[in-house]
Every structure is written in C-alpha cells, then in structure tokens.
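Just need the whole structure built from these sequences, with the hints factored in.
First to last, the sequence lines map onto chains A and B.
Read in order, the letters of the first sequence are residues 1 to 210 in UniProt numbering.
Read in order, the letters of the second sequence are residues 1 to 164 in UniProt numbering.
I should point out that these hints are in silico values taken from the structure, not numbers from a laboratory.
The C-beta atom is built at its ideal place from N, Cα and C for all residues, glycine as well.
Heads up, a few of these hints could be off.
What the hints assert, rightly or not - Okay, the calculated beta carbon distance ranges per label pair:
| id | chain 1 | residue 1 | chain 2 | residue 2 | range |
| --- | --- | --- | --- | --- | --- |
| 1 | B | Tyr52 | A | Glu120 | 37 to 43 Å |
| 2 | A | Arg101 | B | Met143 | 32 to 38 Å |
| 3 | A | Met161 | B | Ile137 | 46 to 52 Å |
| 4 | B | Asp118 | A | Asn163 | 48 to 54 Å |
| 5 | A | Thr117 | B | Ile155 | 45 to 51 Å |
| 6 | A | Asn35 | B | Val136 | 53 to 59 Å |
| 7 | A | Gly152 | B | Met143 | 37 to 43 Å |
| 8 | A | Asp156 | B | Cys124 | 42 to 48 Å |
| 9 | A | Asn35 | B | Asn59 | 45 to 51 Å |
| 10 | A | Lys22 | B | Tyr52 | 41 to 47 Å |
| 11 | A | Asp156 | B | Pro50 | 23 to 29 Å |
| 12 | B | Arg32 | A | Ser106 | 30 to 36 Å |
To be verified - Not close to chain A: a few residues of chain B, all C-beta gaps over 10 Å, as computed:
| id | residue |
| --- | --- |
| 13 | Gln112 |
| 14 | Cys124 |
| 15 | Phe138 |
| 16 | Tyr147 |
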Amino acid sequence: MATNVEETYLYSSPTTFKVSSKDGEIFDIDDSFINQSKTIKNMLNVLDIADNHMPIPLQNIKGTMLNAAIVFCKYHKNDLLSIPDDEDEDDFERDAYEPRRSDDISEWDKEFIKQFTVEEGTLFDIIMAANYLDIKALLAVGCKTIANMVRGKNSDQVRQMFNISYDPPGEGLNTPRNSVTSKESGDNQLLTTQEKESRCKTPSPELMYD
Amino acid sequence: CDISMLSDKSLILIFSYINHQELLRCSLVCRRWYQLSKNGRLWRRVYLRPEYHGVHVINANKFLSVISKRFTLALQYIDLPMDLITVDILHELANKCPNLKHLTLDFSAAMQLHDFHDLNMFPCNLKIICICLSDVIFLEGFMRKIYPYLSSLDILHIIGKLTF
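If you want it as structure tokens, here you go:
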C-alpha cells in the first residue's frame with residue numbers, strides 16, 4: 001500500500017520545463033535544477049508558465065555550461081539546501097570561531113570542476129553561469145577552486161596565472177601619501193605608486209602579516 | 001572569457017575563501033582587485049591564532065595600521081593571541097572598530113603579561129567576550145581593568161582553569 005502512495009506521488013509531481021541556451025540548445029530541467037537555481041525559481045514564480053513546452057530563454061549561458069549546471073544539480077539534488085543565503089546577515093555568531101575554508105570540496109565536485117580550465121576560460125564561464133543562475137553550491141565550488149589556485153602565490157604569479165595586465169593602483173586611491181609614515185608602516189595602502197610598482201614586480205612578502 | 005569578466009560579487013566570494021595575508025597580497029594584483037579587497041564583507045571576521053587556522057602576525061606595528069585602514073567599521077569578530085593583546089592594539093580596536101561585537105582574547109600560551117597599566121580604553125560594544133586563561137598567570141588585574149567596559153555584554157566565556 002505504502003509503495004502505491006509513494007508511486008502516485010512520484011508520478012504526479014515531476015514538473016519539467018524546457019530552457020534554451022544562448023547558442024540555441026534546448027534542455028529539459030526538473031525539480032533538481034529548479035530548486036537549486038534561485039533565478040529559475042523566481043522566473044517560474046513570476047512568469048507563471050502554463051505551457052511548459054515553450055523553452056525559457058537563458059540568453060547569457062552557453063549550452064555546454066547549461067548542460068554542466070544541470071548535471072551538477074542532478075547530482076546534488078538531495079543535498080540539504082542549507083548554504084547560508086549571504087554573508088550579509090548580522091548573524092555574527094555563525095561559525096564565528098572558524099575561518100571560511102576552501103579545502104572542503106568533495107571528490108565528486110573536484111572531478112566535476114576539472115573539466116573547466118583557466119586556459120580555455122571555461123572555469124570563468126561556469127562561475128558566471130552559476131552566478132547568473134544563482135546556484136549557490138556550484139558558485140561556491142568554482143570560487144573555492146580559484147581561491148585554491150591563488151593561495152601561496154605572489155601578485156606577480158597571480159597576474160601571470162590569470163593573464164591580468166598590471167594596472168598600477170596609484171591614482172584614484174584616496175589614501176594618504178605621507179612619505180614619512182610610508183617607510184614605517186609598510187601597509188600597502190600607504191605606498192606611493194612607484195614603491196608599489198616595484199613591490200609588485202618582486203615577490204612581496206612584506207605585507208603586514210608577514 | 002577571462003577572470004576580468006567575473007562580477008564583483010564573484011570575485012569577493014573568491015576573496016572570502018583566502019586568508020587575510022593572501023587577501024592583502026591579492027590587493028596588489030591590479031586596481032580592481034585592490035578596490036574589491038577593501039570590501040567590508042571581507043573584514044568582518046579576523047582570525048589571528050595560527051593554531052586555529054588563523055594568520056600569524058609578526059609585526060604588531062604594521063598590524064596597527066591595518067586596524068585603522070581595513071578593519072574599521074567592518075570588523076565584528078576578532079580573536080587575538082597573547083602577543084597581540086597589547087594596550088596599543090586594544091586602544092586602536094576601541095577607537096576604530098565600534099561594531100566589534102565578539103572578541104576572543106587567548107592568553108593560554110602566556111608566560112607573562114604585557115603591561116596593562118596604561119590601558120584606559122577597551123572595545124565597549126561587545127556582546128560576547130571569550131577569554132582563554134593561562135595556567136601560570138593570574139588575570140585579575142587585567143580583568144579589573146576591563147570590567148568597566150563590559151556593560152553591553154551578553155556572554156562572558158571563560159576557558160581554562162580558574163586558580164585562586
């Protein structure tokens with residue numbers, strides 16, 4: 001009896017929708033995706049789509065990324081959706097004693113994220129897709145992966161790794177330029193442009209915490 | 001597509017996963033990263049006890065300038081190891097960080113105390129203070145000094161052995 005009830009429930013509930021990517025690919029999405037993508041959830045609430053055969057256009061996302069996001073959500077469909085909404089809340093007691101960590105990416109997620117690389121730029125594509133779709137878990141995996149790449153590198157190596165051109169943060173900074181204190185303080189905000197530049201070109205272990 | 005295409009929000013999220021030493025290093029990468037590295041969200045909680053995954057501060061004077069430049073209004077939680085619990089640092093926190101609500105003072109490794117004779121300011125909007133006691137020194141004098149500043153406190157958390 002019990003199985004029957006369950007079956008009826010299972011068969012009556014699935015709601016699938018269609019979405020189309022930037023490059024015109026069409027995908028079916030189910031609850032696993034809708035529940036994890038806040039953007040889609042909001043869209044469905046607002047649009048009140050009766051005809052679920054018309055694909056919802058997602059103009060910002062390439063088919064390959066959309067497909068990957070769907071795979072990710074399918075795998076994570078049973079995860080508790082307990083990732084805190086944002087850091088903005090005043091709840092300062094929440095894990096107040098422990099720094100945020102990025103060494104806690106699961107094995108499956110590690111394998112998943114390996115298909116995206118910095119060289120091809122796909123790692124940034126998937127982060128942008130996660131950001132647009134507002135899939136917290138996927139965004140976290142992508143950002144943690146980049147954080148892990150940055151760790152232990154100096155600014156020169158970071159620029160090299162991500163192909164960032166150096167853009168001297170001199171003008172436009174409303175920081176005091178007191179040449180007397182800059183020698184003492186060592187806080188990079190007090191440096192002049194030239195000093196900064198020279199520091200950026202050499203490994204810079206002289207930041208305040210060192 | 002490259003990293004510059006990421007939104008501010010995504011970059012700040014990336015920065016939230018690296019420690020403050022690395023964040024300061026990243027602030028030298030380019031102008032945009034420098035600006036984003038100052039975002040208040042990144043400076044709400046500061047961990048300075050190496051044995052609890054915190055950053056090890058070697059130069060306390062440089063650290064003072066970071067309190068006034070980066071922590072400021074953002075700071076809500078900080079833990080300080082024994083060697084950073086000094087009159088200067090406590091004064092600076094009291095002056096520059098009015099939103100500090102949760103303070104951990106870890107004296108557990110202390111063999112002797114800094115001199116707190118001149119202490120005449122202390123963060124005064126605290127909701128929680130956690131004090132880790134040392135086995136070998138008494139904190140009575142220090143506690144007497146800070147007692148007048150604790151009127152907003154909800155929780156006083158003391159870890160360690162009280163010896164009388």
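Taking the hints in turn, this is what the structure says about them:
Checked against the hint of 37 to 43 Å, the pair tyrosine 52 (chain B) and glutamate 120 (chain A) passes, with Cβ atoms roughly 38 Å apart. Our hint of 32 to 38 Å for arginine 101 (chain A) and methionine 143 (chain B) holds, since their Cβ atoms are close to 33 Å apart. Under the hint 46 to 52 Å, the C-beta atoms of methionine 161 (chain A) and isoleucine 137 (chain B), about 47 Å apart, fit the expected range. Our hint of 48 to 54 Å for aspartate 118 (chain B) and asparagine 163 (chain A) holds, since their Cβ atoms are close to 51 Å apart.
At roughly 47 Å, the beta carbons of threonine 117 (chain A) and isoleucine 155 (chain B) sit within the given window of 45 to 51 Å. Distance hint check: the CB atoms of asparagine 35 (chain A) and valine 136 (chain B) are about 55 Å apart, consistent with the given range 53 to 59 Å. At about 40 Å, the beta-carbon gap between glycine 152 (chain A) and methionine 143 (chain B) stays in the expected band of 37 to 43 Å. For the pair aspartate 156 (chain A) and cysteine 124 (chain B), the beta carbons lie near 43 Å from each other, so the given range of 42 to 48 Å is met.
In this structure the supplied range 45 to 51 Å holds for asparagine 35 (chain A) paired with asparagine 59 (chain B), their Cβ-Cβ distance being about 49 Å. Distance hint for lysine 22 (chain A) and tyrosine 52 (chain B): a CB-CB separation of about 45 Å, consistent with the stated range 41 to 47 Å. For aspartate 156 (chain A) paired with proline 50 (chain B), a C-beta distance near 26 Å keeps the hint of 23 to 29 Å intact. Between arginine 32 (chain B) and serine 106 (chain A) the beta carbons are some 31 Å apart, a value that agrees with the proposed interval 30 to 36 Å.
Every CB of chain A is more than 10 Å from the CB of glutamine 112 (chain B) (nearest about 24 Å), matching its label as outside the interface. Taking the minimum C-beta to C-beta distance to chain A, about 17 Å, the non-interface status of cysteine 124 (chain B) holds against the 10 Å cut. With a least beta-carbon separation of about 25 Å from chain A, phenylalanine 138 (chain B) lies farther than 10 Å from that chain, consistent with its non-interface assignment. Chain A leaves tyrosine 147 (chain B) outside its interface by the beta-carbon criterion, the shortest separation being 23 Å against a cut-off of 10 Å.
Of the numbered hints listed earlier, not one is contradicted by the structure.
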